[in-house]
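J.: Required output: the full structure, derived from the provided sequences and hints.
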Amino acid sequence: MISLFLELKAQAASILKDAIMKAGFEIEDSELHFETSPHADLASRAAFKLAGLYKQNPKELASRIVSEIEIPEGSYVGEVAAVGPYINFRAGRSYLDRTVAAVREEQEKFGCGAPKDKILLEHTSANPNGPLHVGHIRNSILGDTLARILKRAGYDVEVQYYVNDMGRQIAVVSWACERFELDLSKKSDSAIADVYIKANVELEKNPEYVKEIDALMEKVEAGDVKTIESFDEAVSLAVAGIKETLLRMNVVHDEFVKESLFLKSGAVHDIVERIKATGRTKIDKGALVVDLADYGFEKTLVIQRSNGTSLYTTRDLAYHEWKATQADRVIDVFGADHKLISGQLRATLNAIGLKEPEVVIFEFVSLPEGSMSTRRGQFISADELFDRVTAAALDQVETRRPETSAEFKKEVSEMVGMGAVRYDIVRVSPEKSTVFNWKEALDFEKQGAPYIQYSHARACSILEKAREEAAWDPAAAVSPSLLVEDSEIDLIKKMAMFDSIIDFCAQELKPHVLAIYARELADSFNQFYRFVPVLVAEDPQVRAARLALVDCARIVLANALDTLGIGAPESM
RNA sequence: GGGCUCGUGGCUUAGCCAGGAUAUAGCGCUGGGCUUCUAACCCAGACGUCGGGGGUUCAAAUCCCUUCGAGCCCGCCA
Numbered sequence: 001m002i003s004l005f006l007e008l009k010a011q012a013a014s015i016l017k018d019a020i021m022k023a024g025f026e027i028e029d030s031e032l033h034f035e036t037s038p039h040a041d042l043a044s045r046a047a048f049k050l051a052g053l054y055k056q057n058p059k060e061l062a063s064r065i066v067s068e069i070e071i072p073e074g075s076y077v078g079e080v081a082a083v084g085p086y087i088n089f090r091a092g093r094s095y096l097d098r099t100v101a102a103v104r105e106e107q108e109k110f111g112c113g114a115p116k117d118k119i120l121l122e123h124t125s126a127n128p129n130g131p132l133h134v135g136h137i138r139n140s141i142l143g144d145t146l147a148r149i150l151k152r153a154g155y156d157v158e159v160q161y162y163v164n165d166m167g168r169q170i171a172v173v174s175w176a177c178e179r180f181e182l183d184l185s186k187k188s189d190s191a192i193a194d195v196y197i198k199a200n201v202e203l204e205k206n207p208e209y210v211k212e213i214d215a216l217m218e219k220v221e222a223g224d225v226k227t228i229e230s231f232d233e234a235v236s237l238a239v240a241g242i243k244e245t246l247l248r249m250n251v252v253h254d255e256f257v258k259e260s261l262f263l264k265s266g267a268v269h270d271i272v273e274r275i276k277a278t279g280r281t282k283i284d285k286g287a288l289v290v291d292l293a294d295y296g297f298e299k300t301l302v303i304q305r306s307n308g309t310s311l312y313t314t315r316d317l318a319y320h321e322w323k324a325t326q327a328d329r330v331i332d333v334f335g336a337d338h339k340l341i342s343g344q345l346r347a348t349l350n351a352i353g354l355k356e357p358e359v360v361i362f363e364f365v366s367l368p369e370g371s372m373s374t375r376r377g378q379f380i381s382a383d384e385l386f387d388r389v390t391a392a393a394l395d396q397v398e399t400r401r402p403e404t405s406a407e408f409k410k411e412v413s414e415m416v417g418m419g420a421v422r423y424d425i426v427r428v429s430p431e432k433s434t435v436f437n438w439k440e441a442l443d444f445e446k447q448g449a450p451y452i453q454y455s456h457a458r459a460c461s462i463l464e465k466a467r468e469e470a471a472w473d474p475a476a477a478v479s480p481s482l483l484v485e486d487s488e489i490d491l492i493k494k495m496a497m498f499d500s501i502i503d504f505c506a507q508e509l510k511p512h513v514l515a516i517y518a519r520e521l522a523d524s525f526n527q528f529y530r531f532v533p534v535l536v537a538e539d540p541q542v543r544a545a546r547l548a549l550v551d552c553a554r555i556v557l558a559n560a561l562d563t564l565g566i567g568a569p570e571s572m
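Counting from 1, one number per residue, gives the positions in the first sequence under the working numbering.
Treat the hints with care, since some could be wrong.
Stated by the list, open to error - Cut-off 27 Å, straight-line C-alpha distance, at most; resulting in silico cross-link-like pairs (BS3-like, lysine-lysine): (1) K219 x K205; (2) K205 x K276; (3) K258 x K219; (4) K258 x K205; (5) K211 x K198; (6) K264 x K355; (7) K285 x K299; (8) K211 x K285; (9) K151 x K439; (10) K151 x K219; (11) K446 x K510; (12) K510 x K493.
Just so you know, these hints were derived from the structure itself, not from any lab.
T.: In structure tokens:
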């Protein structure tokens, strides 16, 4: 079904356009300039535009246009008024009633769009040389939330993690596993990081070891079975740990695709030949480089080392070629350090006539002492963050709900803690760089995930009580028109926005907008909760309508939380 | 040195691409509210040269120029 809010906007546009024509002016649809505003459900600045075109006073134009307004029977538009140069539209009763009905009908499907194209989304793809750290999870959370938004918007989304199983860093890991003992009493990715860090210290001290690393890489590229096996072993250990961390975050990948696949299949060789065929390549100090000057890149892109081996970039080109055949759209979530290389990757793909990925870039998360680095052992692991956050959440549950079972406390603290982490990261727009701070990460006394979850739990609690009193049937017919309090109307209007928010986020690839919406929705519900009694409402019809509204709020809050990948506890 | 991104009350942050109504919200601060459906809540208040300077425009946080500050990139690493 079509989005309620977008339908309201479409109806407002048509009404406004008719009135403008009747007033004797002409205007393009794109010049109606609708916006949401605190003064109206929809406000048009069209009078400003016409004032410029017809050299007249915008205030007078607005009131003249409004005097020509005719609202058709059954329209979602309730009233239109000129306030200064603005033309303000207010949604009518049918819009509110229709919203309540739609949420009750569609339940967990509310906000879902019509089926759309296939999208292949890649995110996280951290090197398997250690555990995920707090920088990586910005990628995971952004990517996973995006995937959830796109799915709800109607896209057929497949999510992939691209596993570097043959780069230089993995050669170092493999070399490290031979040289140092793995402490397998630890989580496997953390054990890998330990030896990887040691190996890097060793390599710094004795640069001649670099030759051993080079030799390993050449062997892998040549298909040496034993070396490949030892790489695989190390990679599997790291990936197993990474998967555990992702699972705890509620981040889902459909497929883990290994880089080496594209070398084995010959795809890397083939794509190098095709790039050569464009005449853009040349040999620079023995290495094969691509000239992308006409795409605005000063520096050439190296796609083959002087010893003939491939690079990450080369294999990534082959991976992207394959992805292009798998889906209508390809989306990559990368850190800011990939800005240049992803631009060069896109240019190269374009040069050989392949579909380019849409790249979502997020800026860095650093520590007060500087940027994070697995190699130098300077990072805070995601696991440590999760442990400390859920422990802090458990403290809260223990003081707030001492009477509950240990199992309940554990479950709720996991939901609240992980929700807090996800929300904290997704609420900030990706182009903002951030500095990680423990005090802030462990602080629940702010309008974050727990606030939204709490609103959901409150709604559930009311419904549970109503059920206990055997006085509520969720499917019973009600009259939404009885919902006339300001806070009721605000809440309904906020719920009606959900599908257009999903739509916007999917179009702009901006998950933080949904995070903000979810908080505003919780705000609206909490205000309703504070000012409007539900269970003790005197009129049974009003009580039934309000229970239906609480149920609607529960549904939309749950849908919003689900799209953010955050658990929705029924009690907390 | 060159490129990209960011700079909004003490702190965090929305709005900027598609310029317009008193600049968004949270934390913190001040004051108030649980005999009423979970107070992880609600209400009220104080706090702002939208980094600085110039320009375009009837109108600039938003567009253009310039300058300062921070982050990232400019590897035969990924």
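J.: The structure should be examined with respect to each hint, and the outcome stated for every one.
T.: Hint check results:
no. : hint        : result
1   : K219 x K205 : holds (24 Å)
2   : K205 x K276 : violated (39 Å)
3   : K258 x K219 : holds (17 Å)
4   : K258 x K205 : violated (32 Å)
5   : K211 x K198 : holds (17 Å)
6   : K264 x K355 : holds (23 Å)
7   : K285 x K299 : holds (14 Å)
8   : K211 x K285 : holds (19 Å)
9   : K151 x K439 : violated (34 Å)
10  : K151 x K219 : violated (42 Å)
11  : K446 x K510 : holds (22 Å)
12  : K510 x K493 : holds (22 Å)
When the structure is compared with the earlier hints, violations turn up for hints 2, 4, 9 and 10 and for no others.
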